[in-house]
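If you read the protein sequences in the order shown, they are chains A and B. With my numbering, you'll find the first sequence wraps up at 1077, consecutive numbering, no jumps. With my numbering, you'll find the second sequence wraps up at 419, consecutive numbering, no jumps.
In short, the hints are calculated from the structure, not lab data. Fair warning: there could be bad hints in the mix.
[Unchecked claim] Once the Cα atoms are required to be at most 30 Å apart in a straight line, the calculated DSBU-like pairs of lysine-lysine come out as:
#1 K381(A) - K586(A)
#2 K376(B) - K912(A)
#3 K176(B) - K4(A)
#4 K549(A) - K494(A)
#5 K586(A) - K596(A)
#6 K282(A) - K272(A)
#7 K951(A) - K176(B)
#8 K192(A) - K176(B)
#9 K267(A) - K826(A)
#10 K1076(A) - K315(B)
#11 K443(A) - K637(A)
#12 K74(A) - K88(A)
#13 K376(B) - K188(A)
#14 K703(A) - K739(A)
#15 K74(A) - K55(A)
#16 K915(A) - K376(B)
#17 K701(A) - K673(A)
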Amino acid sequence: MRPKLLEIEGLQSFRELQRIDFETLGETGLFGIFGPTGSGKSTVLDAITFALYGKVKRAGGTLGILNANEDTLKVRFVFEILREGSRKAYRIDRTYQRKKGSDHACEPKIARLIEISAGGEIPVCDKPSEVGNTVRELLGLSHDDFTRAVVLPQGSFQEFLMLGNAERRSMLERIFYLEEYGRRLQDKLSRKLGQLKSRLDTLKGELAAYADATDEALSEAGAEWKAAQAEQTRLETELSQLEPRYREAGEVFQLMMEQARAEQALKQHQLKQELFAQQRRKLDLAEKADSLLELIQSTRDLTENQIQLQALLKQGADQLAAAGQKRDKDRNLYEDFRKQAASEQPRLGSLRTRLEEALGVMGGIRGLTEKKEEAATSLEKLRAEYARVHRDIGAATAEAERMEQELETLSRKADTLKVSPEFRAQLQEGLRLEGLFELLAVKKEAADRARQALDILTAGQEELAGKMRDLKAEQERAEADMESRREEQARALKELEGQNALLLSLTLKPGQPCPVCGSDQHPRPAASSGTADVPLRKQEAEAAQQAFKAAEAAFRQAETRCLLAEKEGITLAGRILESTRELALKTREFEAALQKLPEAFQHPELPEAFQHPELPEAFQYPELQGRPGACVADEIKRLAEQDQQLKEVEKQILHHQTAIRDRRLQLDQWKEKRAEVESQGMKVRTELGQHIELLADKARKIKELLEISELPAEDVSDPLAGLPGEEDVQEEIRRTIQKLQNGHDETENRYQAMQEAEKQYGALAAEQSGLQTRLGMVSLNREAQETLLIKRLAEKGFSDAAAAERAILSASEQQALKTQLEDHQKQGMDLHARLEAVQGRLQGRRIGPEEWESLQQQYQNASRERDESMSRSGAAKNRFELLTARHARWTALTADFQQQNHRQGLFDQIQKLLKAELRKDNSFIDFIAEERLRYIAARASETLGVMTRFKYALELDADAGFIIRDNANGGIHRSVTTLSGGETFLTSLALALALSEQIQLKGQSPLEFFFLDEGFGTLDNQLLDNVVDSLERLSSRQRVIGLISHVPELRNRIARRLIVTPPTGRGDGSVVQIEKA
Amino acid sequence: MRILHTSDWHLGRSLEQVSRLPEQREFIRCLCRIAEEQEADLVLVAGDVFDTCNPSAAAEELFYEALEGLGSRGRRGVVVIAGNHDNPDRLCAASPLARRNGIVLLGYPGSDPGQSGFEAEFADSTVRILQSGAGWLEIQVAGCPHPAVILTLPYPSESRLEEVLTREAEEGRLQKAYSEKIGEIFAELSEKFREDTVNLVVGHLFLRGGRESESERTLQVGGALTVDPGRLPVKAHFAALGHLHRPQAVSGAACPAVYSGSPLAYSFSEAEHTKAVYRIDAEPGLPAEITPLYLDCGRPLRRWVAEQGVEQALKWCRDGRDANAWVDLEIVTDRVLTAEEQRSLRALHSGIIQVRPRIRGDSGEAALPESREGRKIDELFREYYRFRMGGEIPEELMQAFVEILSEEEEDAGDETETA
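Turn these sequences into a full structure, and let the hints steer you where they fit.
Here is the structure:
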């Protein structure tokens, strides 16, 4: 796990939102959180555990963690987890709110765990308890493990070191996923045992419930069931014997009741006989009236028809009269109109023709006017152009004149600048001569130098010759001296030799070999001539030898010097020869230079080789003599300048000439153009005149055409003045056409109306005559019908038509009456039949009510007894069957109980085995975890060694508890509880580092960071240095270490710092800020 | 011009509990003597004068004594820069006094020695600052024909470096790597170098390829503060560097670059180093001549391993082995050392810093256990039964155990978050 971002709001001393970017902070692998006491350093840690687990260890939960001035606290924590080689990012948001009415308590409002993937955010869970559990699973660490191994808060630093064995074991279990062997195994076992126990309890309970289902109880129930069955059979027989008698008596009693009811009903029927006779009469009358009804109706219809027709005839006569009048009126109107139209039409037609003609002419005028205006405009333009060209010509002429004047001035200037060619040639010659003289001077100087050198060498040679002579003399002297010394030495040696023989003889002894001749016989030893002289002689000889040597050396020296001088002489002679050659060469060169001069300047008496060559003083070029001090070169330079000036002026002249030529050319062009413009102007003016004349013609024509019309036409000087516009004329034409059309349409309408009126009158007259005919026919019919009706009424016995109508009944009424009569008749017959049937079935049998009552009672009693016996027998049967089943169950349960009891024994044995020892709750896990713990201790020991310069080592005792080896005290073992504050801190730190390293190796999600809160205050500077050095070396990109401290030395040492500023009195909260070293 | 180069004095540093001040005083005197004998014109101290940012009064006094002796009343130029151990402000606190004696103290990468603006400040001295600016100065020593241009880079921590670059308000530069930033500063400052001057660099840095010792405080946590030696200015005659405690020339550098190293061995890992200061003779237009002057002051550090136990160690002490040295003693033994033995060892040799027993046969290396954890649980349990009860497990019991194992996992979670 690696933290990425933390946001805190409202937690403890924090108020407004603070954001900590762990990516920047952890860049170097080591960072520190610094700030004064109470600034909220530890709260940063609290915020992380709070975000992950929803509680703050320092506060023991969530009580009081809310800032006193805030009602909400929010924490957001983003972290990454490396799992199975891939990184996943998660975010946790927790928001808590103050509990209502509480000072300290708060309650969760939002808790959310979100996975941040490339594709977006995936919510994982959003309930406070779920978030905590999921985090626990993701990290593999509980809140307590986390604070012990990863975030080490103030005060809980040494917990792991000091932890009891049991707690440490359970922590190792979680961290290293040994739960399978430990807690989970325990859980399973306890659960299994619990299950078994409850199973046994249940079995016991069940067996208790089946206590009545024993073998005896079963046979007893069987006997009971059989007795009940016998009783039931007896009662059923009794009942069947009583049954026939009871049925017959019942039937007789029913029939007697029936007979009485029938007799009563017949009596009622006879009472209604008279009423039904009246009804029959009424029905007969109605039937007679029915046959007359049709005739009466048709007679009445005919009468009504006749009256209607008469009314219609009268109305039709009125309408016919009105139509006649209208027809006459329309005919007169049409005639009037036709006449009027015939007189108007020809006049309007001619007017239209003329108007149209005038319109044509007007179209022509429009074109002409445009052309005229165009001509006027172009004339104006030409006029302006002419003026402009004219002006330009004036200006150009003036300029050309000015330029010609300037040209003249320039030509004069050029003349003054020209130089004669003779003068130029003279100057060239002078330049060449000057060069020759210079060369001559150089050559002369070289020749002089060569000569001087030769002189010096010659002098040297002479000097050397003198010296040579001296040296030779000296050499000879030395030689003579040497020779004399040599003789002296020879003499002295000879003397000494004589002395030698004497000396030898003194040393000789008989029998010993002589050192000179080797003979051991010494027949003639030298005789002594005075032994005292020997050392003196020897001395003299040595002195002579020395003198000779010195003389020899002197001679050799002299000889050497002589040789050197000779050698020098030879060298000098060579150099003189060389110098002589040089002089000859230089002289020749000088002569050659002199030869090059014009003859006039050659010196008459050329020097001999070794004479000093001198040039005559007055070598002067005659041409230059008139200009004393002027140098040829200067003159040439001036000349060149003058040439340059001349070239410039000539260039200007050329330029001016070209310009003047251009001007003239342009002037001609302009003049040509002026003439052209003028002729064009003339042409346009003529055109304009023509246009105006044509226009006047047209105007006259229109006026002629329109004079007859009603339009006004005034004759003014402008031919077009007072002419109406084209639109006006068109409008007039439209109006005239309209009038023509109107006259035509009206006439047509009138004709149509007249025709219509005529047609209407005809139709009405025809209709009237039809009606008259129909009336006659209807009157005839009516009279015949009336005669027939009177005759029929008399036949049926009705006084008149009204009486007949009164007797009529509707068909349904008649039918109802008929049915009533039939029903009554049928009822009477039925009643008689019923009575006869009852009497037939009775056949004279009788029974009294009392007798029937007692028989009934008897039968009911017998029947009830039988039912009761039946249910008793059923119950007995059921009980027996039930007991049979329960008995089977009881047998099975007993067997099960015995088996489970045995298994419980086995599990108890396993549990005891896992506990094994009194103090431990699982020594199986100890068995497994011990190796790892030992390894952690060894790793921690290494780190501790580095930090303390190997003063301490951490080891495990026999009970797998931690123990310290104190190397500074010769290696004795000490309990961890005897360590001082600083030592405890170091040891815990080493242990925590080893532990986190192990989690990194083993855990499914490696811990990539590690936090220390305080503890550094207990170290002295030297130790602090060591610890920080070690931490710097231990930290890396893979594991970021964070420290919390107020120790200033530490702050200076650490490159990445999170500075926490405490809340000020003004009500703002803690503020964080990242700082680099 | 003759220049002396030294660094990493770590005044006030102790070895475990033992103060090194007397040895450091000895070194300071020796250094002053060398300066006189060699007739040096200029002394460069390349950082880490003190060991902590809060040095003791005695250490500070020694520092001032050194400045006094080296400067020789303004006859010799002295330039001191702060290292990563020094407190830059504290180091420069004495500047008002120092300047009058031709001594330049610089705390930060962008410090400008001439910024005070007093022309007359060097009145007492024959040393003159001719020109200066942020991170460089031109110094003239009387009697020396050429002035020297010195680029100064006191320890550039990340934030100090950023501050220098921020002053130039160039956002892009802040994004670059540390090494590049340093290189840019050098490239810019090296424009101050001239053909007629002696061109020098003095800096406190970790150059890639430098060999470390145990007594340095590591600068390259995560490799961040390592500088490419090719970034040094090409035109410099010499770069006088501080930070590494082993005297060494850096290979692959753009100009001759040397760590003078610490004057004393400060950790047992440096027991074999010969400590030195460097003498540099430089003239404009010619390559500089660099000569190490080996030091022989302070007590050496020695590591003893007594393979044959306490007796051997005691014998060494009695024989007067390394009598003048500080000793780190490891004794291979098969029992705990008695207090008496330790006392007599210390009585025989006063330089024993630490006595550490190593129990024979304890290699100190722990093997990662995988033997038990990797195996199947039923096997483990069988073995555990054997270990616990001393016999084979009855089959009936084993069956019961397997039955427990095959028990369904209960839903996790009901046992957590019980607060």
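>> When the structure is checked against the list of hints, which entries are broken? Sort them ascending.
In response: 1, 7, 8, 10, 17
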